[in-house]
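Colleague: Generate the whole structure from the sequences, applying the supplied hints.
For the sequence shown, the working numbering begins at 151 and goes up steadily by one.
Derived from the structure by calculation, the hints contain no laboratory data.
Think of the CB as a built atom: it goes at the ideal place given N, C-alpha and C, for glycine as much as any other residue.
Keep in mind that a hint or two might mislead.
To be verified - Lysine-lysine pairs mimicking DSS-like chemistry, simulated, CA-CA at most 27 Å apart:
hint	residue 1	residue 2
1	K362	K211
2	K423	K362
3	K257	K267
4	K267	K460
5	K324	K257
6	K211	K267
7	K324	K362
Stated by the list, open to error - What follows is a set of in silico ranges between Cβ atoms, one per label pair, in the way DEER data are often shown:
hint	residue 1	residue 2	range
8	D494	F448	24 to 32 Å
9	T486	Q166	23 to 31 Å
10	R255	Q424	45 to 53 Å
11	D506	R422	42 to 50 Å
12	R426	Q495	19 to 27 Å
13	K324	R422	44 to 52 Å
14	D237	F448	38 to 46 Å
15	P296	S235	40 to 48 Å
16	S316	F448	18 to 26 Å
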Amino acid sequence: MVYADFTSQLNQRSRQQILLERGTATEKQLSTPVATWLSPDRLHTSLGWEFVLILRTIGCKYGRDPAGGCTMCGYLNDVPQNPPSEDQLRLQFHEGCRIFEQQIRAKNLPPASVTFKIFTSGSFFDQEEVPPALQADILSKLGDYPTVAEIAVESRPEFVNRLDQSWLAAVARKKHFDVGIGLEAVSDAFRETYIHKGFSYADFLASHQLLKTAGAGTKVYLTLKPPLASESSSIAEVVHSIQTLLALGVDTISLNPVAVQQNTVVDFLHHRKQYRPPWLFSVLLSLELGTREQNLHFTRILCDPIAKGKDRGAHNCRDPGCNQQSLEVLRSAITTQRFENLLDQTNCSCKILWRDSLALL
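Modeller: As structure tokens, this is what we get:
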């Protein structure tokens, strides 16, 4: 309870700073997506490509609340004070589609080879971020692309739980449709103490059941090493969460080692040398133990750390070769979906320091 109160107070301070520092977007920016990119990716059934479209919206409703927001999330830093209109959001989406069509032609990609991911720095199904008519139009258009094999969006469970199940089923019949939910940890106490997420595991289960009944997939984000949690307790929570979610039969588990983002509790502690992002060894161990003797036939495991190998992201020692070696082991594991003996494939002497860090409470 003491930790929960402390993190809540730090988090409120960080939220207020973000809200104060947000800028005002120009008319051109409001009609242009934040970013797009095309890169290789692991699809459900094969290797392929991902096309990411980040829409500029009003941002996460929970994050905009000065008393809300997650302790490691800095996405509101990129959200303008003045939200786009529905017409401007449509222009953003159309521009993203234009870029998508241009890039798939340039690479001559075959049918059903791309997962199209839409991010909003919040919840796609929040009607304040993306109006319902636009949600429907976006998913309908993406469903008509022959090159698109999978569609992925993100949302908090409170917005998923309000959706019409028959409408979701219609979307899922056209393409494999995943809805990402930032559960972060299965244990309610761990999630609220260290992450301040604002919903329960029961809320998540309700969303998962609704999506499953509609024929849509659940993609679950897990967090490794939130602020004030020790390296060892974070690994233990991730291992427990992976095993629980595999038994539940979710479509995708995405492990996200914490990266230091501006105006967050993590940032506050990192500047005071009271927080270190997780070791890459911890990432490998979490995946190795979480999947040991587990059936991965149905669930895809993903992990692509932000700022990987750098001071503000998951890293080992300062030797670039050490970090590169661990990242290559991680990439190979994700590509092959094989997670046995990952740590045995790394050999830097800093592994001794990492093992010592696991003894710290």
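Colleague: Is it true that R255 and Q424 lie within 45 to 53 Å of each other by Cβ?
Modeller: Given range 45 to 53 Å: holds, Cβ gap about 50 Å.
Colleague: With 23 to 31 Å as the target window, see if T486 and Q166 comply at their CB atoms.
Modeller: 45 Å, violated
Colleague: Verify the CB-CB distance for P296 and S235 against the hinted window 40 to 48 Å.
Modeller: Since P296 and S235 have Cβ atoms about 31 Å apart, the given range 40 to 48 Å is violated.
Colleague: Verify the CB-CB distance for S316 and F448 against the hinted window 18 to 26 Å.
Modeller: Holds, since S316 and F448 (Cβ atoms, about 25 Å apart) stay within the stated range.
Colleague: Are the Cα positions of K362 and K211 separated by 27 Å at most?
Modeller: 25 Å, holds
Colleague: Holds or violated: 42 to 50 Å for the Cβ distance of D506 and R422?
Modeller: This hint is violated: roughly 22 Å between Cβ atoms.
Colleague: Need the status of pair K324, K257: alpha-carbon distance at most 27 Å?
Modeller: The given pair, whose Cα atoms are some 24 Å apart, holds under the 27 Å limit.
Colleague: Honestly, do D494 and F448 meet the 24 to 32 Å range at C-beta?
Modeller: 27 Å, holds
Colleague: What's the verdict on K267 and K460, does the C-alpha distance respect the 27 Å limit or exceed it?
Modeller: 26 Å, holds
Colleague: Please work out if K257 and K267 have their alpha carbons no farther apart than 27 Å.
Modeller: 18 Å, holds
Colleague: Within a Cα-Cα threshold of 27 Å, do K324 and K362 meet the stated pairing?
Modeller: At roughly 15 Å apart (the allowed maximum being 27 Å), K362 and K324 satisfy the hint.
Colleague: Quick one: are D237 and F448 within 38 to 46 Å, going by C-beta?
Modeller: 41 Å, holds
The structure shown violates the earlier hints numbered 2, 9, 11, 15.
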